[in-house]
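From just these sequences and the hints, can you work out the full model?
Chains as they are written, first to last, in our numbering: chain A, 1 to 381; chain B, 1 to 173; chain C, 1 to 415.
Simulated from the structure, these hints should not be mistaken for lab results. This structure is a prediction, so every number in the text was calculated from the model and none was measured. The reader is advised that the hints may include incorrect statements.
To be verified - Where chain C lies over chain A, by a calculated footprint (3+ residues, C-beta under 8 Å):
| no. | region |
| --- | --- |
| 1 | 68 to 75 |
| 2 | 120 to 132 |
| 3 | 161 to 168 |
| 4 | 272 to 279 |
| 5 | 320 to 331 |
We put the beta carbon where it would ideally sit given N, CA and C, even for glycine.
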Amino acid sequence: MRVAIIGYSQTKFEYDVEMTREEMVFKTAKDAIESAGLTREDIGTVISASTDFLDGRTISNCMLIGATGAYLKDETKAEEDGMYAVLYACQRILAGIHDVALVVAHTHSWIFNPHQVSVYMLDPLFDRQNDLLNDITLAALQAKAYMKRSNATEDDLALVSVKNLKNASNNPYALRKMPDATIEDVLNSKIYADPIRELMVAPPCDGAAAVVVASEDFAKKYCENPVWIEGIGNSCDAYLRDRDLSRLVSLEIASRKAYDMAGISDPYREIDVFEVTERFSHQELMIHEGLGICGDGRGANFIRMGITEFYGDCPVNPSGGALSGDAICATGLVRLIEVAKQIVGEAENQIDGVQRGLAHAQWGLCAQKNLVFILGGDYEA
Amino acid sequence: MGLIKEKFKKTMQIESDWSVGSYKWKAPKGYLDEYVKYLKKRKILGTLCRSCGKIYVPPREFCPRCFEKIDQKVFVSDHGRLVAYLVSPPLRKGKVIIAGMDVVAAGILKEGEQIILGMVRFEGASSVLTLPLINVKPEDVRIGMRVKAVWAEETKGALSDLVGVEPAEDVKF
Amino acid sequence: MRRNVAIIGCGQSKHGRRTDVSQCEMVAEAVWAAIEDAEISPEDIDAFAVGNMQGFGGIAQPDLVFTDFIAATGKPVQRVATGGTVGGSVAHLGYYEVASGMYDIVLAVSWEKHSDSAEPGATTGLLHVAFANLSYMMKMGMDMRSFAIMGLAGAAAGVSAYQAAQYMARSGCKIEHYDMVAAKARRNAAKNKYAHLKWPGCTADDIAKTEMIIWPMRFGHVCPASDGASCVIYASEEAVKRLKVERPVAWVKGLAAYADEEADQGESYQGTGVVDYSDQIGCIISAMKAYERAGIKDPRKEIDMAEIYAPFPHQELMFSERLGFFEDGKAWIAVEEGVTEIDGDFPICPSGGVNATNAIGSSAMQRVVECALQIMGKAEEHQVPKDVRNAVAHGWGGQLQFNTVMVLGDSPKRK
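Put into structure tokens, the structure is as follows:
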């Protein structure tokens, strides 16, 4: 039995948006259900994604039951990226207990800066006593370690930002767009922690996204353009100090699992578009290697040769990626939606003839956890 | 303890305090702000959901049952019924600590006073409000008794305008 | 044809005030105990389900900090966080991970480390459910006196105190029945080596002598704030065969977690449509759905015992009715008749329940553990004497609105 995405909705990513989180979540949930051509009665289970620390509300879902459409529904909340909530929704459907699930993810970064929250993700006994550590300084350590191990340079990091910020110009939902971005712009932007500069950091913002997923029977009956979930891979690395920060081992594991499930042996050739969650530019290059689409240590080659441009051989983040806007819990879910849009033919930077796409989400400091979804359209196998 | 074989005889306690910033939240316009505006006029405001007929007090922006945004404002009665109640013992110093503060020592609540907290459903409302039940002795309180709103001497358009509720008529037994 | 899923092992840490361990070590205690109990090795575990109420321990994503303490490095991990029901939510998540066919053996663990908070009890985390609202209310002219009055029930009892008053009004029970249930909890806990508040031979009079916090809630009714972790290991039917498990295991037969609207107040102090906090429609529907999925038609006859999530004694009475074991308003009669004692006809919380041990994040999972232990005959001193073929593990939380229900049995569902 397979599971399909039959509807979705995303909000424009803004900062200090003129909406309460309840208003934004309601709009997204309602729009997603409508886009699937359903009503709330058709939904069997609702899984939301948000975090207490970011919302500043303990049990961040308890006052959103009405807004997420979860009133008297089988409901729960994932406390990580929305794509993990989609994974859980798939499990509820594959278990044969539900037919249709709604997944709603949101974060309003204006409430409390996620970079500040990152300090609370540190181990309290040792790392938190060190005032210098937060997600940005740790990313800087990771970037240095990666650059040492591979052939990547600061220019390559800047190229990732240039590509994604340019791609975002066509994306009406993106927060940060720079149609004329240059390497100099990026390398001259404010330094946070060498080599991480402002334009290399995904900007935290306010946003929400929702998808409706359904069982194969339901999707075939009620949806004209289902987007099939063909492979899923999930893996969690050890904590910060206990792993090799210069590689994304958990992404290697997760992507192999997803490829196996989808029957993919050559991802570079068999996957038409990639939407990945790059919280920092260097991470996009590390993701190339983690996904196995380029050789070890060669992550920068793709960006130099323009292979990952939206007109290139292996497009990565045609939507602009997280560098164009990071609404934390909604960001990975938006990557999933962008791939679905590519398959259905509704993406802004639409790539020709997309049959299969890969969506990636990360969670934890320096991308400790990685999740991969492979989506495919209705086509003759 | 299973596979963990070592037993730790001494542990060290580290005390620390992290405050990395403040939270900010947003509230919807036209809901609680309207509610307090009408409290000044000694009126109790709610929103009506036209699909299910429920009236939420204080005003609610979304009806969870109908999954609709609701903004039709209506007044409910200032008379209602007592649905349930709690009774504090006579208050003493050192017994009521809220957010680190001894509220009796600080004079916020009076030593020796007994607070009755009532859950009140004003007629027309589909919600209950928790309000002090005053001008009545604990032993005279009955579930279902009719109560009416007690207003501040001078209403200012604040939540404190609605001081509590009291029995709507003399209780005779 | 749904995939059958069994609990092949359980583990708990000792619950209580655990200043002898860090959060990581405490969770590892439960995890490794479960791995031993399941007679597997860590490599056998395919995936993990984790969760707690993160505010208390002061770590935003604790499972990321102790990934290797629980042998999860490299493995798939999914986290849920739903407040008081988190243990139940994690238990449900673990089941779905296996039932989906994605994994064969899944470890589900949930925990709480209250003693890591500066403030006593559960104050820190629970206050922040409504802190945003309270800030807004202060801005809208709520005065200090009203704020203080609202806090009379204490942050730990809080809105539950209102519920205790409403349940009493609706059922006609007396405060003495609350005393009886609290005494039973402490008596039972004395037989449970993992429990926190043990009081062998505790009577209703002992509880009645404790100080009144706010009528009808006495000090003796209030649960402790414990530290602890609870863990179960799920396995698919094929994995049970493959591992050649000969000993009894507990099968998950049905589960549901239907959410109600929040009680008392919504976002930004908006009114809600919950008038009677003891209605618990979410529990009624969750139970109905769980029984349907488990093929149970008459819960009172077919279920042998229940572990109900009741931090306060009125909740044991209330939920035993909503779960279908007694008629609305009649649970107090069963208590008077001793029906819910360990050796009664329908034992409820033979472990002592949440009233005697409450590590919030762990408590709902501990209900699942306790039911599994009873079915497997491993509850030692607090094992109920009657045959346990089916049991119900219940979790509760949120703003009085969340309920998780799981039906477990000694054999898999066939049909």
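Quick rundown of the hints versus the structure:
1. Closer than 8 Å: that is the beta-carbon criterion, and the region 68 to 75 of chain A has 6 residues meeting it against chain C, so the requirement of 3 holds.
2. With 6 residues having a Cβ less than 8 Å from any Cβ of chain C, the region 120 to 132 of chain A passes the three-residue criterion, so the hint holds.
3. A count of 0 residues in the region 161 to 168 of chain A with a Cβ less than 8 Å from any Cβ of chain C is obtained; the coverage claim is therefore unmet, three being the minimum.
4. Given as covered by chain C, the region 272 to 279 of chain A fails the check, having 0 residues with a CB less than 8 Å from a CB of that chain where 3 are the minimum.
5. Given a C-beta distance limit of less than 8 Å, the hint that chain C covers the region 320 to 331 of chain A is violated, as 0 residues qualify and 3 are needed.
Hints 3, 4 and 5, counting from the list given before, are not met by this structure.
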